[in-house]
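Q: Residues per chain are reported as follows:
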Amino acid sequence: MIRPLEHILIPLGLIAVGGLLGWSFFLAVTGEAGDRLASVALARVPDSGVSNPVTSVLLNFRAYDTLLELAVLLSALLGIWSLGAAGSGFQPAASILDGMVAGFVPLLILSAGYMLWVGAYAPGGAFQAGALLGAAGVMLALAGHRNAGLPCESRLRLLVALGVFVFTMTGLLLMVLGNGFLTYPPGLAKWLILIIETAATLAIGATLAAAYLGGRPAAHPTTGETA
Amino acid sequence: MTDQLLYAQLLYGGSGIILVLLGLWSFLVHAPLLRKLIAINVMGAGVFLILVAIAYRGIDTAPDPIPHALVLTGIVVAVSATALALAFGKRLDQDADPE
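Each protein sequence line maps, in turn, to chains L and H.
Note that our numbering has the first sequence beginning at 1, numbered continuously upward.
Note that our numbering has the second sequence beginning at 228, numbered continuously upward.
Derived from the structure by calculation, the hints contain no laboratory data.
Nothing here was measured: the structure is a model prediction, and the numbers come from that model.
Mixed in with the good hints, there may be bad ones.
With the Cβ distance kept under 8 Å, some of the chain H side facing chain L (calculated, not the full set) [said to hold, decoys possible]:
1) 266
2) 277
3) 310
Now the stretches of chain H that chain L is said to cover, found in silico as 3 or more residues with beta-carbon under 8 Å [claimed, not checked]:
4) 230-242
5) 250-260
6) 302-309
7) 314-323
Even glycine gets a Cβ: it sits at the ideal position worked out from N, Cα and C.
Next up, chain H with everything else stripped away, as it sits in the complex (with noise of 0.2 Å):
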C-alpha cells in the first residue's frame, strides 16, 4: 500500500469522522427536533464519506463494491427515515397550536 493511498483515505476517513461527532455532538445538545433530523443527517453524510473512504483502492483499481453498495442503501434509509420523522413533526405541531 502506498503512502499516497493511505494519505488519501486517512483525509477522507477522517473528515467523515469529524462530521460524526459534529453530528452526535448537535443531536445531543440541541433540543428542536428539526436540529436533531439535521444532525442525524450530517451523521450520516460521515458514515458515507467513512465507508467510501474504506472503499477506495487507488486510482488505477476498482474500488471496492461492498461499501459503495451499503452507502446506497444507506441513503435510501436516511431519506426514508428523515421524511417519516418530518411527517412526524409536522403532526407534532399542527396537534400542539390547532388553528
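Chain L with its partners taken away, still in its complex shape (with noise of 0.2 Å):
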C-alpha cells in the first residue's frame, strides 16, 4: 500500500530541501563574501585577553550569546524542576563499580580544572569543563548516589544560577564603571574571563547532573550515599 504523504510527498520535499542546503552550502564555500567576519575576530584576538580565539569570541566578542546560553541551560533545568520531584534513583552500586566511580570522579573534577584553565589559549574552556563536572555528576547517579554528589536544594539552586550571576553581575558592573555591558577594559579582560568561566562551569556541571536527575533533587540527600 502506498501511503501519498509518507512515500511521495516527503521524500520528495526532503530531496528538495536537500538540493537547496546542498546549493547554498556549494555557495557559501566557493563564493568570495568579500571580508568575511573571521578575519576581523581573528585579528582582534590578541585585545581580548585570551589567546584561543573560540574562547575569544565565546567571553568577549559574542559574550551576550553565552550569556544566554547559560540562561538556556537554567530554564531548561527550571522547565524539569516544575514537572515533579526526581524519581527514586538507582540501586546502590556494587563495590567493583563504586570503587571505580569513587577513582574516576575526582580525576574527572581533575580534568574539568585543567580544561577550564587551558581554555584560554587552547581548545577547552567553561563547557567542555561543565561537561566532564556534569558527567561526574551522572556516574555518581548511576552509581546510585542518590543527588548525583550535589547539595541539598537551597544551596543547589545557587550553584545553577551562579553563572548567569555572576556573568550578568561583570557586566552591570562594568556598565556603572563607565564600559559598555560585556566590554572589558584591556588590562582586565584575562581575569575577567576567567571569573565567569568558573562561575559558568560551576553552574553548568551543576545543571547538567541535576538536569540527569530528572525532576527537583530529593529532601535528604544522604540516602543511598556510602560514605
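Join these two chains into a complex; the hints should help.
A: Next comes the structure, spelled out in C-alpha cells:
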C-alpha cells in the first residue's frame, strides 16, 4: 500500500530541502563573500585577554550569546524541576563499580579544572569543563548516589544560578564603571573571563547533573550515600 | 582556494546535509516522542557538521572561530532541549498510566 504523504510528498520535499541546502552550502564555500567576519575576529584576538580564538569569541566578542546560553540551560532545568520530584534513583552499586566510580570522579573533577584553565590558549573552556563535571555527577547517580553528589536544594539553587548571576553582575559592574555591558577593559579582560568561566563551569556542571536526575532533588541527599 | 580544501569541505558539509535530511525524515514519519527526539539530535549533529565544514580553512590556517563558537552554543541548547523534552515525556508517561 502506498500512502501518498509518507511515500511521495515527504521524500520529494526532503530532496528539495537537500538540494537547497547543498546549493547554498556550495555557494557559501566557493563564493567570495568579501571581508569575512573570521579575519576581523582573528585580528582582534590579541586584544581579548585570551589567546584561544574560540574562547575569545565566546567570552568577549559575543559574550551576550554565552550569557543567554547559560540562561537557556538554567530555564531548561527550571522546566524539569517544575514537573515534580526526581525518581527514587538507582540501586547502590556493587563494590567494584563503586570503587571505580570513587577513582574516576576525582579524575573527572581534576580534568575539569585543567579544561577550564587551558581554555585561555587552547581548545577547552567553561562548557567542556562543565560537561566533565556533569559527567562526574551522572556517574555518581548511576552508581546509586541519589542526588548525584549535588548539595541540598537551597544550595543547589544558588549553584545553578551562579553562572548567570556572575556573568550579569560583571556586565552591570562594567556598565557602572563606564564601559559598555560586558565590554572588558583590556588589562582586566583575562581575569574577568577567568572569573566568569569558573562560575559558569560550576553552574554548567551542576545544571547538567541536576537535569540528569530528571526532577527536583530529594530532600535528604544522604540517602544512598556509602561514605 | 585549493581543490583539496574544497573537497574536504564538501565531504564534511555533504555528510552534514545528509544527516539533517535523515533526521528531518525520521522526525516527520515516526510518531513516538523518543524517536522524534533522537531525530532532532541527529539533525542537530548535521547542522554542527555543516558549521564545522564552513569554518575549515585548510590545514595550515586557523579555522574560523565564529562557527566554532556557534557549535558550542548549539550543543548546549540541544542538550537543554533534549533534557527538558525527556522530562516532559517521562511525565506524560506517568500521567498516561498511573500506577
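Q: Okay, the segment 302-309 of chain H and chain L, do three or more residues pass the C-beta test at under 8 Å?
A: Holds, because 6 residues of the segment 302-309 of chain H bring their Cβ atoms closer than 8 Å to Cβ atoms of chain L.
Q: Going by Cβ atoms only, is residue 310(H) closer than 8 Å to chain L?
A: Interface hint status for residue 310(H): holds (4 Å vs cutoff 8 Å).
Q: Are there at least three residues in the segment 230-242 of chain H whose beta carbon sits under 8 Å from a beta carbon of chain L?
A: With 5 residues in contact (Cβ-Cβ under 8 Å with chain L), the coverage given for the segment 230-242 of chain H holds.
Q: Quick check: the segment 250-260 of chain H, covered by chain L? Criterion 3+ residues, Cβ under 8 Å.
A: holds (count 4)
Q: Go check the segment 314-323 of chain H versus chain L for me, would you? Three or more residues, Cβ under 8 Å, otherwise it fails.
A: It holds: at least three residues are needed, and the segment 314-323 of chain H offers 4 whose Cβ sits within less than 8 Å of chain L.
Q: Quick one, is the residue 266(H) hint okay against chain L at 8 Å, beta carbons?
A: For residue 266(H), the interface hint is violated, since the closest Cβ of chain L sits about 12 Å away, which is over 8 Å.
Q: Next item in the hint list is residue 277(H). Is there a CB on chain L closer than 8 Å to its CB?
A: holds, 6 Å
Consistency with the previously given hints fails for number 1 only.
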